[in-house]
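Protein chains in written order, with my numbering: chain B, 3 to 239; chain D, 36 to 338.
Hints are supplied without guarantee of correctness; some may be wrong.
Unchecked claim - Covered stretches of chain D, going by a simulated chain B footprint (3 or more residues, C-beta under 8 Å):
hint	segment
1	106–114
2	118–124
3	195–209
4	278–288
As the list claims (entries may be wrong) - Which chain B residues stay away from chain D? Per the calculated CB distances, all over 10 Å, these:
hint	residue
5	Ile10
6	Arg20
7	Val64
8	Ala102
9	Arg156
10	Val171
11	Leu172
12	Val175
13	Thr179
14	Ser204
15	Pro208
16	Ala212
17	Ser231
Said to hold, decoys possible - Listed next, with one range per pair, are the computed distances between beta-carbon atoms:
hint	chain 1	residue 1	chain 2	residue 2	range
18	B	Trp168	D	Arg102	51 to 61 Å
19	D	Asn49	B	Leu159	22 to 32 Å
20	B	Asp79	D	Gly246	37 to 47 Å
21	D	Ala142	B	Asp79	29 to 39 Å
22	D	Arg102	B	Ala215	21 to 31 Å
For the record, the hints were derived by calculation from the structure and aren't laboratory data. Don't be surprised by glycine CBs; every beta carbon is placed ideally from N, CA and C.
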Amino acid sequence: MNLTIASITLRGLFGRRRFLLLLPLPALLVGLAWLSSALGARPSDWAGPVVVGLGLAVVLPVMTLIIGTGVLGSEIDDGTIVHILAKPLHRREIILAKLAVAWIVSWIVCGVPLAATGLIAGSGRLALGLFAGAGVGALAYSALFLVLSLLTRRPVLIGLIYIVLWEGVLGNVLSGTRALSVQQYVTTVADRVSDTPLLNGSVSLPVSLAMAAAFALGGTILAIDRLRSFSVAGETS
Amino acid sequence: MSLNLRGVSKWYGNVVAVNDISMELGPGVTGLLGPNGAGKTTVLHMMAGFLPPSRGTVLLDDTPTWRNPAVYAHLGLVSEREAVHGFLTAWEFVYASAKLQKLKDPAGAAKRALELVEMTDAKDRRIETYSKGMRQRTRVAAALVHDPRVLLLDEPFNGMDPRQRLHMMDLLHRMGTEGRTVLFSSHILEEVEQVSGTVQVIVAGRLAASGDYRTIRRLMTHRPHVFTIRSSDDRRLAVALMGQDSVSGVEVDLKLGLTVRASDYGTFTRTLPKLALGEGIRVERLLPTDESLESVFSYLVSA
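Pulled out of the complex, with its shape left as it was, chain B reads as follows (with noise of 0.2 Å):
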């Protein structure tokens, strides 16, 4: 793991308005839910539109798309991943930094506030496992959203109809796009850790953990291979 590539993504990350954007979603989550549970609401009527319809399905994957395409995309954006890419660096490092930040970043903004909604919810195992999904999510997200930003030049563009169009309308019309959706998986893993009635996995645990790992493996590799081969656009006149 590469130290400086490390903290000057971070820095960057940190250092641009853009994330700003990062504050008002975790905000409105925590919100609801000690809303509706302050005015008296059972967890089983809340939780499920709450802690599913906005923390997992809207809050961890825009979340970590702003995170994980701001860690290499905006840098490919205003060009300074030159400065990156001309050291003796295998790609490797460069990608494997990039996504260890874009994960733990992610992991901690969209997993403390998942934990607190499981813990207004009144239980310290649903808080667990949120986070437990959360950090499992983060990572096949940042994965998928790392290697966007080197396919495309609209990374963002393509990550919100992945998450609006595949896992939000297509997840919920045809059963069988789920097995290939990571909110899927997070859903699963929160569901076993937890142990509780308000989540409810649709795919099994074993296929969940291998295909989250499938969709971070594979991300990483393409992202390393994809990275091998960047190229500068040409004349800038």
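Place chain D on chain B using the hints.
For chain D alone, coordinates are given in the frame of chain B:
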């Protein structure tokens, strides 16, 4: 170390950006000269391994630069795009470069590189607060930090004031005499003239001329020049001009005046006043018609 281009071409769809360029760059400073849009940046990016040639190969000694990050241990690149991590200070930026180069003494190397470009005083300010010239020097320091044998610079003098320009020229010159292979691109003739002995001229993606600067300069000044002249007696002046060796053609036009093709710029410009004086003709206007850099370059292509 030498950089070797063998039959290198680059095209984007139907557009040919670089057309079959072969050159070998050895120790010393070489200028890559050409008008804007000629393909200089594309050539530099291919040399630096940031762009795959569509055909041909770029070799650093014997290893290809494309998909081979190991070359960056010996190669430094200063690209034209100004992009830097603006949230870092010059010190942090150059020090990080030294660490990414895995140098034994990154702090010492960073200090030396910053001294070399005279950025020691401002090194603890964030790069985004710098002027264009300071950013440029910071990027040069980062590219030099590992003491590369080969240094590529894309339009390094852009945005520099005259003093910084002189300092940079001096630096490149010194690196060349130390036996490094230095290549810099420019669209300004005088910059190349002051720094480098060897020149590669690129026009419209092709290598138009290459070799010693003086030879190319002579080609450029001794090319045919076209002037338009207005005088008190165009027709009589035309007759007198046709008798001169330095004049290869005269055209008389009642509206435009005379159009004169001179085969030798220097002799012609010296001859004309004497001739007019001797004939008692007053020259009212003398205009060179094709002094743009593009016309100079296109002459080189056809030569």
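Checklist entry - Going through the earlier hints one by one, which of them does the structure break, listed in rising order? => result The structure conflicts with hints 3, 4, 5, 17 and 18, although it agrees with all the remaining ones.
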